[in-house]
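Using the sequences and the hints, build the whole thing.
2 protein chains.
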Amino acid sequence: MSVMIRRHPLAEQAAEELLRRIGSGEWVLGAKLPGETTLAAQLGVGRSTIREAVRELAGRRVLESRQGAGVFVIALQAAEDWDKVLRKADITDVLEGRLAIETEAARLAASRRTPADLKNFRYTLTDRKRAAVSAPDDWYIEADLAFHRAVVTAAHNAVLTELFDTFVPRIRRAMIDMLKLDDQHRHRHDQAAHEAIAEAIRAQDPDLAADRSREHLSAVRSTLG
Amino acid sequence: MSVMIRRHPLAEQAAEELLRRIGSGEWVLGAKLPGETTLAAQLGVGRSTIREAVRELAGRRVLESRQGAGVFVIALQAAEDWDKVLRKADITDVLEGRLAIETEAARLAASRRTPADLKNFRYTLTDRKRAAVSAPDDWYIEADLAFHRAVVTAAHNAVLTELFDTFVPRIRRAMIDMLKLDDQHRHRHDQAAHEAIAEAIRAQDPDLAADRSREHLSAVRSTLG
DNA sequence: GGTTGTCAGCTTGTCTGAGGAGTTGGTAGC
DNA sequence: GCTACCAACTCCTCAGACAAGCTGACAACC
Numbered sequence: 001m002s003v004m005i006r007r008h009p010l011a012e013q014a015a016e017e018l019l020r021r022i023g024s025g026e027w028v029l030g031a032k033l034p035g036e037t038t039l040a041a042q043l044g045v046g047r048s049t050i051r052e053a054v055r056e057l058a059g060r061r062v063l064e065s066r067q068g069a070g071v072f073v074i075a076l077q078a079a080e081d082w083d084k085v086l087r088k089a090d091i092t093d094v095l096e097g098r099l100a101i102e103t104e105a106a107r108l109a110a111s112r113r114t115p116a117d118l119k120n121f122r123y124t125l126t127d128r129k130r131a132a133v134s135a136p137d138d139w140y141i142e143a144d145l146a147f148h149r150a151v152v153t154a155a156h157n158a159v160l161t162e163l164f165d166t167f168v169p170r171i172r173r174a175m176i177d178m179l180k181l182d183d184q185h186r187h188r189h190d191q192a193a194h195e196a197i198a199e200a201i202r203a204q205d206p207d208l209a210a211d212r213s214r215e216h217l218s219a220v221r222s223t224l225g
Numbered sequence: 001m002s003v004m005i006r007r008h009p010l011a012e013q014a015a016e017e018l019l020r021r022i023g024s025g026e027w028v029l030g031a032k033l034p035g036e037t038t039l040a041a042q043l044g045v046g047r048s049t050i051r052e053a054v055r056e057l058a059g060r061r062v063l064e065s066r067q068g069a070g071v072f073v074i075a076l077q078a079a080e081d082w083d084k085v086l087r088k089a090d091i092t093d094v095l096e097g098r099l100a101i102e103t104e105a106a107r108l109a110a111s112r113r114t115p116a117d118l119k120n121f122r123y124t125l126t127d128r129k130r131a132a133v134s135a136p137d138d139w140y141i142e143a144d145l146a147f148h149r150a151v152v153t154a155a156h157n158a159v160l161t162e163l164f165d166t167f168v169p170r171i172r173r174a175m176i177d178m179l180k181l182d183d184q185h186r187h188r189h190d191q192a193a194h195e196a197i198a199e200a201i202r203a204q205d206p207d208l209a210a211d212r213s214r215e216h217l218s219a220v221r222s223t224l225g
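Protein sequences appear in the order of chains A and B.
Residues 1 to 225 (the UniProt record's numbering) make up the first sequence, in order.
Residues 1 to 225 (the UniProt record's numbering) make up the second sequence, in order.
Hint data in this document are derived by calculation from the structure and do not stem from the laboratory.
Take these hints with a grain of salt, some might be off.
If several chains are the same, the list does not tell them apart, and a pair holds so long as it fits within one copy or across any two.
Said to hold, decoys possible - Calculated pairs, DSBU-like style, for lysine-lysine (alpha carbon to alpha carbon, straight line, at most 35 angstroms):
id : residue 1 : residue 2
1  : K119      : K180
2  : K32       : K84
3  : K32       : K180
4  : K88       : K180
5  : K88       : K32
6  : K129      : K84
7  : K129      : K180
8  : K129      : K32
9  : K129      : K119
Here it is as structure tokens:
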């Protein structure tokens, strides 16, 4: 007897198999895969199934097919899906990553912040203050994240901003869990810490901005430990 | 006359069109797309072409097809491809991202490093010393990266390690360019700076490890400015 | 010798028609 | 009201045909 339940379509299974073979070194970077008909025969499926498998891996930037030439390996493994990595990672690891990004961003922001950035701080801090008092959890979370994002964007570094945005969904989920366990809403009261970070950036003191950012985020992390 | 050169296959064009429509809000998150035959008629292509387009977007985690039920939107836009982001980003932005990750990793490593980590430092530092003297550029680059990776892994944080690995290809390319412009191979001589970082981690001094790491990477960055 | 033109044989790209298999919602029967 | 069934819809897979593009070999030419 072969397989009881076939949970995945053939095309997906074929894609997995190709990915496995690439990972095992059967085809090196830049190598040309056998033709579609050959692969179809090897895996015992139709040609259109192989084509869909290749197309899926093309979408994942692992393969590239050129008409008339063939299918080529352009990456040895699927680019790590960061959403997936962060979902599976320990929340403390994620928070340490966030701390790395955000403290450096705060440091850079202190020397690069523009008047527009400062205005952004004022707006987001005011929002956060209001939300901390009375708003529902999700409002408060969005207001908090908006301020932190304002700090990161003030660093005027596209890579750091993109990194922060990648982390946001995971952080948001962690904050929801945290607030559920925290009846007293204790950590809503750290408005002062946020204003201190903004103040250090306004005063153009990189070390102070970084220290205050580190201090605040370390406190957040330790509430989980 | 229609098109002179058709650079993209129909299936790719169809995938982009679907992505555009999703981005424009035609289908909300979780919505079901029209059937294959309907879509094929709408876009004026065959059914298998639509299937390949859907399969490509499935590989990019934007669509999900369930047999018998339909094709559904599971993300409103393609997850940012980090390789692509880093390729397009300013190298200074990338180096600042690396600095953020690596200084924090050095700080954490100072309190978490194991004997195995220290042994790893010794090995990679010895390799780097040898390579700095006489080895070809690419050997030297790999030896240098191996030590830096050893520092990051000593932080025992999966997210930081994964971040560093994501950055490596872009950093490697930048180093190649740097060495080409640097006839004197001046920066091969900073072996001392690397050993100082390792020493601070060995001595379990987080602030010193972070400072030395920051100092070293700032120096690297300033050679580009 | 070196360059150019041609072409045969390979590759991927696209369409169509035919079933197979799973899901969903309605309906008849209890 | 509940269950069992079924019909219509969906995606899944295959096979065959032809179009379009690439590559290397070989002949013709300068």
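Go through the copies and call it for K119 and K180: within, between, both or neither, with a Cα cutoff of 35 angstroms.
This pair counts as within: shortest intra-copy Cα distance 32 angstroms, inter-copy 44 angstroms.
Given a CA cutoff of 35 angstroms, do K129 and K84 count as a within-copy pair, a between-copy pair, both, or neither? Classified as within; 33 angstroms inside a copy, 38 angstroms across copies.
Worksheet entry | Up to 35 angstroms CA-CA - K84 versus K32, copy category | both (29 angstroms within a copy, 23 angstroms between copies)
**Intra/inter-copy verdict for K88 and K32 if alpha-carbon distance must be at most 35 angstroms** = The answer is both: 34 angstroms in one copy and 27 angstroms across copies each meet 35 angstroms.
Between copies, within a copy, both or neither: which fits K129 and K119 at Cα up to 35 angstroms?
Within one copy, since 15 angstroms is at most 35 angstroms while 50 angstroms is not.
Treating 35 angstroms as the Cα threshold, decide for K129 and K180: within, between, both or neither. within (20 angstroms within a copy, 53 angstroms between copies)
Q) Between K32 and K180, at a C-alpha cutoff of 35 angstroms, which is it: within one copy, between copies, both, or neither? A) between (53 angstroms within a copy, 31 angstroms between copies)
Review point. Between copies, within a copy, both or neither: which fits K129 and K32 at Cα up to 35 angstroms?
Key: Result: close neither inside a copy nor across copies, 59 angstroms intra and 38 angstroms inter.
### Query
Is it within, between, both, or neither for K88 and K180, if the alpha carbons may be no more than 35 angstroms apart?
within (21 angstroms within a copy, 40 angstroms between copies)
Taken one by one, the earlier hints fail for this structure only at number 8.
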